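Number of protein chains: 4
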Amino acid sequence: MNSQLKPIRIAQIGYGYWGPNLARNFYQLPGAELAYLVDANPDALAKAEQLYRCQTTRVITDVLDDPAIDALVIATPARSHYALTKMALLAGKHVFVEKPLAMSIAEGRELVTLAATQGVTLMVGHVFEYIPAVRYIKAAVGAGELGDLYYLYSRRVNLGRVQSDVNALWSIAPHDISIALYLLEQLPEAVSCHGAACLHGQVEDVIFLTLHFPGNVLCHIHVSWLDPSKTREMTVVGSRKMIVYDDVSAEGKVRIYDKGAYRKGDPIYGEFQYKLHSGDILIPRIDMREPLQEECAHFLESIRSGAKPLTDGENGLRVVTVLAAGQQSLDRGGAKIFLEEFMQQAG
Amino acid sequence: MNSQLKPIRIAQIGYGYWGPNLARNFYQLPGAELAYLVDANPDALAKAEQLYRCQTTRVITDVLDDPAIDALVIATPARSHYALTKMALLAGKHVFVEKPLAMSIAEGRELVTLAATQGVTLMVGHVFEYIPAVRYIKAAVGAGELGDLYYLYSRRVNLGRVQSDVNALWSIAPHDISIALYLLEQLPEAVSCHGAACLHGQVEDVIFLTLHFPGNVLCHIHVSWLDPSKTREMTVVGSRKMIVYDDVSAEGKVRIYDKGAYRKGDPIYGEFQYKLHSGDILIPRIDMREPLQEECAHFLESIRSGAKPLTDGENGLRVVTVLAAGQQSLDRGGAKIFLEEFMQQAG
Amino acid sequence: MNSQLKPIRIAQIGYGYWGPNLARNFYQLPGAELAYLVDANPDALAKAEQLYRCQTTRVITDVLDDPAIDALVIATPARSHYALTKMALLAGKHVFVEKPLAMSIAEGRELVTLAATQGVTLMVGHVFEYIPAVRYIKAAVGAGELGDLYYLYSRRVNLGRVQSDVNALWSIAPHDISIALYLLEQLPEAVSCHGAACLHGQVEDVIFLTLHFPGNVLCHIHVSWLDPSKTREMTVVGSRKMIVYDDVSAEGKVRIYDKGAYRKGDPIYGEFQYKLHSGDILIPRIDMREPLQEECAHFLESIRSGAKPLTDGENGLRVVTVLAAGQQSLDRGGAKIFLEEFMQQAG
Amino acid sequence: MNSQLKPIRIAQIGYGYWGPNLARNFYQLPGAELAYLVDANPDALAKAEQLYRCQTTRVITDVLDDPAIDALVIATPARSHYALTKMALLAGKHVFVEKPLAMSIAEGRELVTLAATQGVTLMVGHVFEYIPAVRYIKAAVGAGELGDLYYLYSRRVNLGRVQSDVNALWSIAPHDISIALYLLEQLPEAVSCHGAACLHGQVEDVIFLTLHFPGNVLCHIHVSWLDPSKTREMTVVGSRKMIVYDDVSAEGKVRIYDKGAYRKGDPIYGEFQYKLHSGDILIPRIDMREPLQEECAHFLESIRSGAKPLTDGENGLRVVTVLAAGQQSLDRGGAKIFLEEFMQQAG
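Chains as they are written, first to last, in the numbering used here: chain G, 1 to 347; chain E, 1 to 347; chain C, 1 to 347; chain W, 1 to 347.
Simulated from the structure, these hints should not be mistaken for lab results. Among the hints, erroneous ones may be present.
You can't tell identical chains apart in this list, so a pair holds if it fits in one copy or across any two.
[Claimed, not checked] Simulated crosslink set (EDC-like; lysine to aspartate or glutamate; CA at most 20 Å straight-line):
1. Lys275 x Asp287
2. Lys230 x Asp280
3. Lys275 x Asp165
4. Lys230 x Asp258
Small disclaimer: the values here were computed from a predicted structure and weren't measured.
Excised from the complex, chain G in its bound form (with noise of 0.2 Å):
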């Protein structure tokens, strides 16, 4: 990073549970310049001003309209996100938003649609992109070390952290989808989702949700805010490897199973064979970078390249239309949505 470029003047919108993350790295990276804090609450600009004297305003037409502001970073509640990045976007400001990028797959069209023809650079916080265990894992199942993948499957649960304007389904999952997203390069053809409404009676606590893709794979993810055990935990099982990513493990995050299980003989005739083997299991070492802080630059890096973001709008629109899919599969008790034929609905 040449220091002597002018700095990227960012203005961030939100600054409740998530957002004093960004902004402490936003404050802490160089090549940017925190410039501006927009929350309705006055005691949360008070902090902030505090914490890294930037201006603040609780009028978001001061940092739209203010030319001197080259990004915003969106930090509000799920259902805001569409309007304030549309506004920003009209207002020629690159954006960084939080996921989940929409509450529709339209709106999601448009975000991007938009960033194209405004020519800024469009980024979602899909942040489990950017941790060193998950790019071990995918470099691992990319290299074929698993064999063929045979399915995954992600439990992340947790007491805490009620949302009563979006249910679990939108509120944790995009991290699991993203991570599946990115791990198998490709949209599931159709997905299923069940959930049940414990508190609210309208929103889901917590969320069953199966992406069937193609090849007969299959990605299952358990969310919930109302768990007695913190977890967050994927297996990808392979013919040949086996992984388990454990998020809040002490020692080792990624456990490398040397075990699988194929076939043997001809099927044709009915007469199967199994063949299990049951080796080592390796714990890698991987570094410990904070994800965040490669999120934050990479949105710099991205800026000033002109480069599309790892987590692009596009990327951002995917996970949308998996959730999109899935809240259809749960208002409909379940039923089965084909992603196909989804989005050309949504068209």
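Following the hints, position chains E, C and W against chain G.
Structure of chains E, C and W alone, referenced to chain G:
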């Protein structure tokens, strides 16, 4: 047990994977005599003969026609349960049959009716209902200790015991279904099921089963024989407490979390407040008894007393009903199968 | 804390490994003003200046001679604690010094006396006595919940923070000794110590320290910076209950085992019976507070009130006494050092 | 094993806690015949008779005088090992005796000499030397995989099996001493021992034993039968790698840490640099075999071949030597006992 009583003379059919455990228990129990073992494999018979000094045969009619045999224990592959149980009941024998009772509702009903007509005891080997930890949880749920029951989920996975005649739903999930029905004391209203046939193409190795109980209580079951980690875990979430039952834990299989969440305020005006609490965790001391021994003793007692066993034919039929509905959902791509309608069609 | 009060003006000496944690806390605490930072390293000073906008200097007399400085916080290498603390006390400053207070009993005594003569507060940074989990255990032991206290043992090991000026006894064991003295409220009668100097040949990387308390209560401490696993664990064994304190556990740091053993019968005739019991395990909810903040606040309060801090000079001297006896045992090949005699010789 | 060979006819003395395991193995092994069981308890004899259809007696001379008995298996309390082994050797029988071989060096030497004189096999039941995990570690250490061996430590604790005739040193530590001597292939130069007699007042329930090996390699052993947690763990620390052997782990008992530390630079000028590295962790697949079966088979093979068993009398005597020195250290308040001198005095 009055040891003066004439022992119940038992013939066991099947001495493969699970059979030896049953044979050992019936051999050791007072009040029973393991008189006969039936298996197609002469090596298995030789081994059993040496251990238990019982008669052996490869011909089932040898034991069916033997008036000295009081009861049959059936530990054969799942697809043979119905036919063997029917033959045994028709021969006037009491029957202990391993789970599942049958492969269809119609078959299951026929067996239940036949046992009643014949006036003999029919018991299904749903062993988890005899496990002290499960009974402890049942008592806690029954006493209202958890508050409102929100949902429960279960994972029973491992690498191994790959089947080629029945899928993981029929092979593994009977345990979890049996526990869920035991805890909730009712049938689900509907069932949804997804799975992946990774090895064989026809036989699902991994199953995700969702049971929709009355009152919006969800039960989710994940079973597989193609997984890196041996896991046997069930979580029960209530408004006041939550329980985790980890059957492979070395230090206490049951954990009671004094954790919960409930809604405060007036839902009409959309003003919700969620009250979360997070207190102590208790790992109760639960005596270790061999559940199989309890189960086998219960079979003998039921024969003597003429009382219905805890896991009688009706109980086994309810599990079959859920399995059959799950299979239909699986066949229909995860469609929600409503049990009332489904049972009528099966009629 | 009455914010109208004139703030206590603090100068901190040392901004290396641990110093930044202290500086951050004193900076944030109401009632204190972090006025000065002293360090030999200009980079450290520049960093501190930026974060805390305080004065900086490499010359200690700058702060000793400054009448506006009320208190000194000393976070330098162990071997400098005595000299710096003495200078600060002579200059009439209140002193917070990191553990250990000094490297010998004579030095420690001198500092305790000097603080009394000068009428200033002297506090030692034995932070574990401010940790909620340790206080919880102290309360349980104090209330007799464990029955007779049989013995306790501790392991504090990791890979890293290799020292070359002091061994693992002086570097790590002060924590465990501090906790043991806090729990047992007395000095041991004797001390034995073994160690291995693997890397350096002169400086022990691993230490096994045994404290012999009155009433045949044993305390064993194992510390090392050359170990594969990060472990911070203490076990307290009583006749009725046992406690394990695992400081790196994610789910509850304290476990209370309703386990115990005691002797029944008449020892005169050599007829013993041991009654063992093994009941529930309780993981109590203990609030997480930053102990360092409590410790720093306690220093400020002690200065204002003039009351002796919990970990005052006497407290720090007792830890030094055990350390010095341990060192002598180490020097004499593990010989048992009796404290009464040892303290007289130190005299 | 040539099954044509005349079976080795075995009489076992002692059928209490551990005896049934040995009897079962010798009963099942080809080439052996469990001919006789000797115990003072008629219930034990009745049980053994039923299981193994062997002769039983309460009179030891019945088996000593029986020329058809080739070998004696001694599984009685520790204090009787010497006398019974001596009687058996004098009667010309091969002897397998549980650990410890004897309660003093002199006794142990006498048995070793007597076995040689009589030309029979004498084997001690140090079962850990037959455990695949221990052999794996032995191979790794032997191959230099760990670099320089720095130190090792072991913890073997649990609640239960309280003894009143021998302390935890003699009852539990033989396992750890046996493993340590096996790994290091030499005797320690000196031994120090501390303990606490919590229950009885005379019999130590908890023991901390330090073995000082040549080259400043330390081995520390902590054993107890009065502990909340079942732990059987040994850590071996080398300059290049470290190994943790956790015998109660469900997922891989051995972990190899690619972690280490060594010194760089010139010690003369006191300028040290420590190079630490921390890489992958490997959990190797180690086949599970019942070590007791291997041990028993090895006894039979040794009798047939006339070769010295791995854990022969000399091996058992070395363990007794360390135990006896540990006991003397314990009696002398933890004084360091130098083995060379100690063995001469024992002479």
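Can you give me the call for Lys275 and Asp287, within, between, both or neither, at a CA distance of at most 20 Å? Only across copies: Lys275 and Asp287 sit 18 Å apart there, 35 Å inside one copy, limit 20 Å.
Checking Lys230 and Asp258: alpha-carbon separation at most 20 Å within a copy, between copies, both or neither? between (27 Å within a copy, 15 Å between copies)
Intra/inter-copy verdict for Lys275 and Asp165 if alpha-carbon distance must be at most 20 Å: between (49 Å within a copy, 17 Å between copies)
Treating 20 Å as the Cα threshold, decide for Lys230 and Asp280: within, between, both or neither. For Lys230 and Asp280, only the inter-copy Cα distance (15 Å) is at most 20 Å; the intra-copy one is 27 Å.
Hint compliance for this structure: every hint is met.
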